[in-house]
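Protein chains: 2
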Amino acid sequence: MLGDFAEVIMWKNDLEFISVVLFRKMDSKDKRNASCGSSAIVHNPHLDALKDDILYHFSLGTGTHDLRAIFGDVKFVCVGGSPWRMKSFIEYIAAELGMEDPKSEYPNICAGTDRYAMYKVGPVLSVSHGMGIPSIAIMLHELIKLLYHANCTDVTVIRIGTSGGIELEPGTVVVTKQSVDATFQPKFEQVILGKTVVRSTDLDQSLAEELLQCSKELNQFQTVVGNTMCTLDFYEGQARLDGAFCSYTEKDKQDYLRKASEAGVCNIEMESSVFAAMCKLSGLRAAVVCVTLLDRLKGDQLSSCHEVLQNYQQRPQILVGYYIKRQLKTKAGVSQV
Amino acid sequence: MLGDFAEVIMWKNDLEFISVVLFRKMDSKDKRNASCGSSAIVHNPHLDALKDDILYHFSLGTGTHDLRAIFGDVKFVCVGGSPWRMKSFIEYIAAELGMEDPKSEYPNICAGTDRYAMYKVGPVLSVSHGMGIPSIAIMLHELIKLLYHANCTDVTVIRIGTSGGIELEPGTVVVTKQSVDATFQPKFEQVILGKTVVRSTDLDQSLAEELLQCSKELNQFQTVVGNTMCTLDFYEGQARLDGAFCSYTEKDKQDYLRKASEAGVCNIEMESSVFAAMCKLSGLRAAVVCVTLLDRLKGDQLSSCHEVLQNYQQRPQILVGYYIKRQLKTKAGVSQV
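So the protein lines, in turn, are chains S and V.
So the first sequence is numbered by my numbering: it starts at 1 and just counts up by one.
So the second sequence is numbered by my numbering: it starts at 1 and just counts up by one.
Think of the hints as simulated: they come from the structure by calculation, not from any bench.
Just so you know, not all the hints are guaranteed correct.
One copy or two, it doesn't matter: identical chains are merged, so the pair holds either way.
Unchecked claim - Cross-link-like lysine-lysine pairs, in silico, DSSO-like; alpha carbons within 30 Å at most:
1. K253 <-> K329
2. K75 <-> K325
3. K298 <-> K120
4. K195 <-> K177
5. K325 <-> K251
6. K87 <-> K120
7. K329 <-> K216
8. K216 <-> K87
9. K195 <-> K298
10. K253 <-> K187
11. K280 <-> K253
12. K259 <-> K177
13. K298 <-> K331
14. K75 <-> K298
15. K87 <-> K331
16. K195 <-> K120
17. K280 <-> K251
18. K298 <-> K51
Please read these numbers as outputs of a predicted model, since none were measured by experiment.
Next up, chain S with everything else stripped away, as it sits in the complex:
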């Protein structure tokens, strides 16, 4: 193991939890950043030895793109599963910030690949991440390196997504307090060289509170702060009865979801744990804002009509758009003073 990046895992006892502590020596770049805002931190001494760094799944690279010129002003990164939704978000935020392109053209910065889509308006970057932990993890590795190469500072990253709710009215927005696994533990297991390393899934609590406050000011839909269960599977992994395979009963399902609810789980999705873990390791302020499309205690299939589901999916965008606008106003006010 290399000296300047160590994950120290502490076990409470043989079965129980675990905490991850990160030590790292500050290098000259960190010291420079410390004086002018906190930057996205990569923990990889090998990167400096690379002549060029190819961000393969973005179809971008340090040898082919001036990342600092393109991305240096980014302050907010919003990520979500669907490329269409992330395009719609950039159009929405452009209008909100009064930065619309008169021709309504928002080119896909990752047009050279079909793995992810990326759009930018002013200080806001919007990136799709596909479905599931592995898919968002690839994107986040390359996003963190992009922010690092671009020397971005004070970046906030927010996942805007969809989820299944538990005991919540469909359409309720959940801001994640803690991301928990399928056994309701707040941890993410990363396999490295065949061994499992446990990482914390803590998110920024003050950011969650600010988002809740924004929702109160907006007063357009119900928002709660609660735990989010992150699973590796949509069907059996979330106790659905409508997959190709199902070996349990309706009662087994109800029992499991009620136990989740007792553990503080408000909603279920498939990316928050690795998102929280990687943002924390990188020193990025992060939040997860997901709308619930249905109450899983009452069903499994997304049978609401297209318009209703579309309306629900816009809610995290509206909330995060409001937050970004308010932050930029506050900053502009501070600058003027």
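Following the hints, complete the assembly by docking chain V onto the known chain S.
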């Protein structure tokens, strides 16, 4: 647990593995199918209680689409991560089978969603699955249900993908013998109601041999049969040195990859284990055919030029296209006799 679908897990000892046995009573539908070819089997007694089955991530459903009319003749399903590649495959196979659309129009059957793309020409279906186990698992649940609802019989499913190779010349095609995890064990762990169920990742060995034979006949590129390691992560999970985080040395990486090689691993990708497990559970004949884009012992970044990578990516398509053409010819021959 329900009586007609049981996974029986047998442990060799406390640490070691495991075998999964599947019991299921035949119902009337199975008996009907048994007399006229084997169909995709769902193991879910709840499905029959659904009024409509919505295949949400395909934007298809039994209430909105005549699945039997659209898909009833499907005999080969090819799946791959990239939607662009799966469109290019359908164009390629259409030409190979002499079934080109004169206007070269191959509509995306899943045009109502951006989660997956799906194309069809005659008996061949081409479906994208995104990156990683969760993403392909969602697709496979809905694909297996689609084949079931459409009453398809004798279906072969082949994943055509890209991978990192170990000690192989880049461009070599690997037909997977066994899919193994990051500890080189041939198993897939499925979490159900918070508990881990271990599933077998056996693939059809005769199909693998037939594909190898096809490659010999084609004589265009090197093809080997070997084990494929399936990981949950592209960077730390595959011992890459170029992610946002890296806590190990070049020597640690080399040691890990050499151990993988000693365990028979020829290549590394991110979907084969759940693909093998789910196809086996459904009684679908399945194979994984991936080209290696680089030798991981020599590097991590995909730095070959676009044209070279494009050429490599076509190789699984060419091999599987040849196999399908040969199968259809053989069947036509048998029918004429």
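Here is what the structure says about each hint:
no.: 1; hint: K253 <-> K329; result: neither (46 Å within a copy, 48 Å between copies)
no.: 2; hint: K75 <-> K325; result: within (12 Å within a copy, 53 Å between copies)
no.: 3; hint: K298 <-> K120; result: neither (39 Å within a copy, 36 Å between copies)
no.: 4; hint: K195 <-> K177; result: both (28 Å within a copy, 24 Å between copies)
no.: 5; hint: K325 <-> K251; result: neither (45 Å within a copy, 48 Å between copies)
no.: 6; hint: K87 <-> K120; result: both (9 Å within a copy, 28 Å between copies)
no.: 7; hint: K329 <-> K216; result: within (18 Å within a copy, 66 Å between copies)
no.: 8; hint: K216 <-> K87; result: within (26 Å within a copy, 46 Å between copies)
no.: 9; hint: K195 <-> K298; result: between (39 Å within a copy, 23 Å between copies)
no.: 10; hint: K253 <-> K187; result: both (23 Å within a copy, 25 Å between copies)
no.: 11; hint: K280 <-> K253; result: between (32 Å within a copy, 25 Å between copies)
no.: 12; hint: K259 <-> K177; result: within (18 Å within a copy, 40 Å between copies)
no.: 13; hint: K298 <-> K331; result: neither (44 Å within a copy, 48 Å between copies)
no.: 14; hint: K75 <-> K298; result: neither (40 Å within a copy, 37 Å between copies)
no.: 15; hint: K87 <-> K331; result: within (26 Å within a copy, 47 Å between copies)
no.: 16; hint: K195 <-> K120; result: neither (38 Å within a copy, 42 Å between copies)
no.: 17; hint: K280 <-> K251; result: between (37 Å within a copy, 27 Å between copies)
no.: 18; hint: K298 <-> K51; result: between (55 Å within a copy, 15 Å between copies)
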